[in-house]
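Enquirer: Here are the chains, one letter per residue:
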Amino acid sequence: MAELHADGLIEVLSRAQELEGHLSPALLRHVARRLRLPPSRVLGTASFYHLFRFTPPAAHSCLVCTGTACHVQGAAALLAALQREPLAQWGIELGTVRCVGTCSGAPLLVVDGRVWNHSSGATAVADLRRLMP
Amino acid sequence: MSTAATAMLRVCTAAGCRSRGGEQLRRHCATAATEAATEAATEAMAAGAPPLRVKGVGCLGPCSDGPLLAVDAEDTTRLFGFAADQASGRARAERVAAGLQQRLRATGSAPAGAELGTWRPPGAHLIPADDPFLALQRRLVLERCGLIDPGELDDALAAGAYRQLRAVLEQDDPAAVIAAVQRSGLRGRGGAAYPTGLKWQAVAAMAGQRKLVVCNGDEGDPGAFMDRTVLEGDPHGVLEGMAIAALAVGADHGFVYVRAEYPLAIARVRRAIAQAQRRGWLGTAIGGSRHGFDVEVRVGAGAYVCGEETALIHSIEGRRGTPRPRPPYPAERGAFGLPTLINNVETFANIPVLLRLGCEVYGRGTKVFSLTGPVRRGGVLEVPLGTSLRTIVETMGGGSASGRPIKAVQTGGPSGGCVPASALDVPVDDASLRALGTLLGSGGLVVLDAGTDMVDLAAFFMAFSREESCGKCIPCRCGTVQLELLLRKLLARRGTAADLAELERLCAVVSSASLCGLGQSAPRPLLSTLRHFRPEYTALLNAEAGQPQAVQP
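Residue numbers (my numbering), protein chains in the order written: chain A, 1 to 133; chain B, 134 to 686.
Take these hints with a grain of salt, some might be off.
As the list claims (entries may be wrong) - The list that follows gives simulated cross-link-like pairs (lysine to any residue, SDA-like), each with its CA atoms no further than 20 angstroms apart:
#, chain 1, residue 1, chain 2, residue 2
1, B, K605, B, T455
2, B, K622, A, A76
3, B, K605, A, Y49
4, B, K605, A, G44
5, B, K605, A, S47
6, B, K605, A, S40
7, B, K540, A, G74
8, B, K540, B, R509
9, B, K605, A, L43
10, B, K622, B, L639
11, B, K605, A, R41
12, B, K540, B, R667
13, B, K605, B, Q653
14, B, K622, B, L660
15, B, K605, B, S645
16, B, K540, B, A556
17, B, K622, B, R599
18, B, K605, A, G74
The hints are simulated quantities; they were obtained by calculation from the structure and are not laboratory data.
Please work from the sequences and hints to get the whole structure.
Expert: Rendered as structure tokens:
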């Protein structure tokens, strides 16, 4: 369908972020030039979606699932416990995700793309500490 | 020894069991089976029998017991879980594989698997076939899910995939296909429950050289993972349904839109498309006919609103996923301005089934649910439409696992509401649930126990809608913010009766004035909890607030 529009923009941005870790201003300008799109259209699309990021990621990512099943089984307490730890100093970026659809392990974390089931604040902190080099 | 030839281990490697070490378990078992076969062959100084087949399959159902392992031997199937097993994924996989190898060695030169009829994987517990979770299901959409290797087209073909597409191609009568879908009474399974046949007819009636078919796999409701299960477990069933739809409405191109949070589903759909193309079930001249149908995968980038069809269309076009007013409906002007048929994953997966069974046997059809929250047995199940919620939650799910009684069941995600425990006998179909102030939605059921604070839950959903509001229309963009603030004010015990009245008034504005389904239904979790659990709201009211505060000396 490429003949109809520069419709592959989201795919291009996803791939670019996969390769570079984040979407820098230079990268966004490059995408705009190559797809012959105004920069506003490229940035406008990129900034709409949660998964695109404009700053480099930390070495590790830790996402607390805040879906419904996790929420009613203690996700807020888990998130609060992790927020009290100096995760940034350990090279871990803390974030949230709205349900990865494996709710039988609630409350859960997604650490570097892997699901950690039935996480509690204490065990999660201990396990995250081990990620430090 | 015909039974031995069919002996097999099926290990669930879908996302739920994978997070519990399912893939590790499959790998170790496969290695053990190969080694045992090689040893047997060496001893017999012969080529030997092929090793026991160890297959990675899609969802086997009760995810809470995972990783799940099915043993097929001597004409019976036994399903095992490891719910009580505290070992790490690796330790468990090694232990089970060692047990398997030992048993296979004992079998000696007999065909692999002949002795597995009584084998119990070490550390596993049996989930009997007559367990209500399994016995009360009617698996139509999920018929092949858990049986076939979703990465192997031959496996799917042997189990009947693309047979209905072939029949439809041979018959070459699009009107008859649409008539059959209409007669079946099938309604969209994504939440809106619009009659599928009507939608197909509308797209088929559009003039134009090119039309599109879009599969909505942007399953965004938290706590819902039916579509993930179908895409991961039997992607060919969905592709077959799409191809039949394309033929019926005269489309030549399709998109499967999958949310980025489902990497395994994306990989499996991509692989399935490539395999189907190679074998001529997709592409030009499918099945040797004059019809062509190509499918592309489009991956979302994290935006709940993209599950709304006009937003999804914009996202497919590579734009911001904002909805637009309808009409024109996508049937008239969809992606790239072309007439577009949009159906949900489960809806497409229903098509080959209902064509095969015929309307009589198909009946009202089924609905796939994901059962989560503090229940004894949770996971994915498919039941006849109209099964009572009590049957699903208490009989199949085994009731509360937390020791506290069940308080309510949340259905329909952020667009739905709660069914209080007193109304659990409601049959699950869209009309019955709407009468209770909630909706069937896409099929996520979250069980809530007596420990759940319903006002907090309403605030949770409002925060979700506020975060996911695209910002295009004011009632939704500003209304969700104000509604959440009012809820937080109540939760902080600073709210008054006037705030509660304002909350209800604003709900009416947001639901009636918002542009798309996200805003229109954002107040529903609040209104539903207010309707069934009003005392929890009034208990939070602060009579003093708003009055002049006494000055402390």
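Enquirer: Find the hints from earlier in the document that the structure breaks and name them by number, from lowest to highest.
Expert: 18
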